[in-house]
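Fit chains B and C to the known structure of chain A by using the hints.
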Amino acid sequence: MKLTTKLNKVSLSVSHFSVKGSIIAIQIFFQTLWKKRISYLLLSPFLVIFIVFGLLPIAWSARLALTEYRGIKTVPPKWVGTQNFEDILQITIRVLPPEIDEATGEQVYKCGRKKMPESEARVLMAEGEECEARMMTPRDVLPKGYSEYDRYNFRGKTYLVGATDPRFWRAMYNTVRYTIGSVILTTLGGLFLALMLQKQTRTNMVLRVVFFLPAVTSGIAITAVWKWIFAGESYGLANTIFDMVGMGRQDFLADVRWTMPILIWLALWGGMGFPMILFLAGLKNIPLELYEAAAIDGASVPRRFRHITLPLLRPTFLYVVIIGIINAFQVFDVVYVVFSTTQNIGGVLDSALTVVTYLYDQGFNELQLGYASSIAWVLFGVIFVMTVLSLRLGRVNESY
Amino acid sequence: MIEKNTSIGRLLTWSAMAPVLFMAFLMIVPYYWMVIGAFKNVPELRKVPPTFVVENPTLNNFYDEEGNTPPNHQEGLFQRFKDTKGGFARIYANSIFISVSVTFASLLIASLTAFVLAKHRFPGRNFIFIMFMASMMVPWQVTLIPNFLIMRDLNWINSFRAIVIPASAQVFAVFFLRQFMLSLPDELLDAARVDGAGELRIWWSIILPLVRPALTAIGLIIFLGQWNNLVWPLIVLRDANLRTIPLAISLINQSLFGPTTLGLVMAAAFLTSIPTLILFIVFQKEFVRGITMSGMKG
Amino acid sequence: MKRKIGLILVLAIALSVVGISPRPTHAQGVEITIWMTGGDVDAQVAKEAAAAWEAATGNTVTVEAIDWGSAHARILTAATSGEGPDIITGGLSWGIEFGELGGMIDLNERYPEDVAALGAADNPGIWKSIVSTDGAVYGVPYDLTTYLMFSRPDLLEGLGLTVPQTWDELLAAQEAIKAANENNEGGVAIGWGNTDWLGYSNFLWQAGGDWYDDECNVTIDSEEAAEALDFYASLYDAGVPTDSATAIEAGLDSGLYPVSLQGNWIVGGLDASYPDMVGKWQASPLPAGPTGSRSAFIGGRIMGIMSFSEHVDEAFDLIKYYNTEDAAKALIASSTAQNTLFIPPATDFIQYTAYGDNIREALTAVLEEAKGPPNCPGWEAATSDVTLQIQAVIFEGADSEDAVAEMAAIMEDNME
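Protein chains in written order, with this note's numbering: chain A, 1 to 400; chain B, 1 to 298; chain C, 1 to 416.
Okay, chain A solo, but in the shape it has when bound (with noise of 0.2 Å):
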């Protein structure tokens, strides 16, 4: 970094020197290449094998996303530009007009099985029958090639989103949604847990391990058993639990209401150990003379940690942080595992489904194998955006 600083300041002023200054600038460029040629060598082994199966395979899936390619040998990749980031991407907002009946001008009711004319629907209604007032049909609304995403009621009339891909949208905002919950949480819940046993106690030795545990162990095997435990009926260990305390038993995998937050402490379960490893190692970081100071100076104890500990911990959450947004929009494991039937990868009412999880769908049960890349772009892209952002916000000093 300060490297390039300087070489920028050496080319700057050497360029009113016209052409022989730039062979100069040049010239110097080159030979600190030549000088830094072991720094090249040393990290050679590496990025040869990160150039042939990390970058290739990424800048051969970045061609793909501008083909419909459906993975077959005897069908190559057909070439369709932007084509398929429009599909996933486009979307539309129109209001979505009630059903008008033709005879009376009214808007059409449904009691039961049967559809009427307001007036004639007020009066079933009065005699206690349940009736719907009718929307048109989102597909008479909305362009060719939409579909409904969502719809929303506001001052008196019903706004429909449309989307070429719904699915994807219902992805990323669960995606999203999963992502906030798990790395706010993870993160808190790593840095409670490192203040409570920074105390270098044997209890707290015994405590670390336990909740470092998981990170360490966790996978395809013990997520199964997460599954057993949230299994339906009190066969599971979670609804016997409920039972005992008078609870009610709940379809924990198969009720909406229910799939974020498992989905969430999972997270938590799995991905505070780390977090709390990486704090207490900050912690250890900060002198004990800064404490001893402001303790002299009568701070509070929530004052030092206000002005002592936090900034000084900053470096370790803003990596804590990106890590962990990086991760969490790549949640894929547990999703799978918990979640996905043969049927439905994204469970019931597609409430589980991410956008790793969808693009996997796409990719290798629907063989639509351009369309998943160019979903992975999109995601690539929001990664990038959010960790550019906390970059930002986060930033102190030269390291990132």
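If you are wondering where the hints come from, they were derived from the structure by calculation, not from laboratory data. Note that the coordinates shown come from a computational prediction; the quantities given were computed from them, not determined experimentally. Yeah, the Cβ is synthetic: ideal placement off N, Cα and C, and Gly gets one too. Zero decoy hints are in this set.
Result set (PhoX-like, lysine-lysine): computed pairs, CA atoms no more than 25 Å apart in a straight line: (1) A/199 to B/285; (2) C/280 to B/47; (3) B/119 to A/284; (4) C/47 to B/85; (5) A/36 to B/119; (6) B/82 to C/329; (7) C/178 to B/47; (8) B/285 to A/284.
Partial selection, computed: residues in chain B whose CB lies under 8 Å from chain A: (9) 33; (10) 34; (11) 116; (12) 134; (13) 136; (14) 265.
Using the frame of chain A, we list chains B and C on its own:
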């Protein structure tokens, strides 16, 4: 936060300890459930409500001498996988071999790379860094097919190379180790350079010993990642003799709630967690020492 | 010296890794490789049953188990790279999916007489679902699974009920069992395809509706389909659990769910898991819909040949062998030894299935009217969105007529 002399502070600590202990309890619940599951017999496993302690402990999930007499007996874990020479033991050995190789190879390469990135200044450093970071943002699922085609062209299908070599470049590990190495004082390296030590020597005999705790931590995580890796080994290792544990589990686990396989899955899960558990307990001291001695710089 | 150590170590590890690559041993004759989607037991069963064919032909059969979850991905890599097994097994629709893209061999084109003979012998419901709309057959059935109603007549009798024979009785049983339970729980449980298109198909067909007609025109936007969906949702409203992981067997044993609609695969483990229940449970066809139909969904596996196979004739000979009477008996025997119920696709071989007369009779009755998944273009791609519509009715109380209309639109969109 360090010294709490007031009684209010002490009270706060203790009331805050309660949720910590409760959380700690929740952390180990699945392990307990898995361990007792591995030693329950089939009818007990399927009992509603479930039993909290094993009533009739059995080893039949691992090996059942009367395994060939259905319906009340079935073959245990070590009697399954007849298409793999050596059965589950072989599968276990495969997993250990792969995970150990990947861990050592990637620790060596990653620590070297992290050392250069943390302690050398050279043009392109930031660019390399950004590339590393960006590559972590692309889901691996999307590079599965391209990577597979590369393996085919290299003729690495059905060979452990296809797993060990790509996995030895772990960006995450570089990231982590670099963070630790940043906090090492430069003077130490300069002194060594004055004494005429080469960069490799500095890496090997100065840096590595100093970041050993960090190596242990990230090594455990790499090991675990490989130990649990399902899809990639499944795609590139087609020969039944090369199977790894996660694949074996998913084969028995065709229906977790299906007929009688739950005990086998729990037995396999139990055996699967043992090595990571042992590693963790063995290195735990190292770990704690690492936290107390060296630290991390942002 | 020490600086070398690092390098040497790196080199040593690199070399040791490169050095390890197992060499497969080649036997005499042709080696046919099968990728068996399922568990290790399924592979073992297929391997054991192939012994007679190996002895007769001098060829060898290698059966490699691949799990359901990643089978599709793994077959895809074979199709993409042009390297892999000769034969794959997989879901009923997989032949059409991979075949229409050119990944598999059209057996009907290559062996029309043999394929016609297999088609005549197999269950008509399952056969229809594996034939492409243009008549191509990329994979022939290897086994099948279907729905059975499992019940505990003894427990039902205690409640003054009998085993439900109609929709009305099914719903009544749900309500009565739940009302009699002290916690107001339990009743009827649905296992396979719970709350998705697959579970709904049973009711759809029993009501007289269907997804498509014989010409693959979408017919789901119908009165019958809406009625079936309403009834399906009413079961959940009455307390049928939506959790697909419900322990059906445990519920049968404890009496919480003395009636359940579930895939036949639980038969194999029931007696082993619940020794106290032996002789007390029975299997029967699903309750009849308003049309009197007791139709049910058939799943199963196909066996097809990858287009890059170098031993197509031998591979097809093996597939034909698996459809012979001897092979069916061998497959059943090996499966039974592993606590698994194997059902051959050929109607005449149902009589050899294990686990007693009750199972055999129930299966025979169910299979008379049972159907497989639609074979129409775009169906596979539509299933996720169709399921969302069904779940919107079940969980969110959406209108069933709107839902079937939307399903029809989705299915038509996907046909293109």
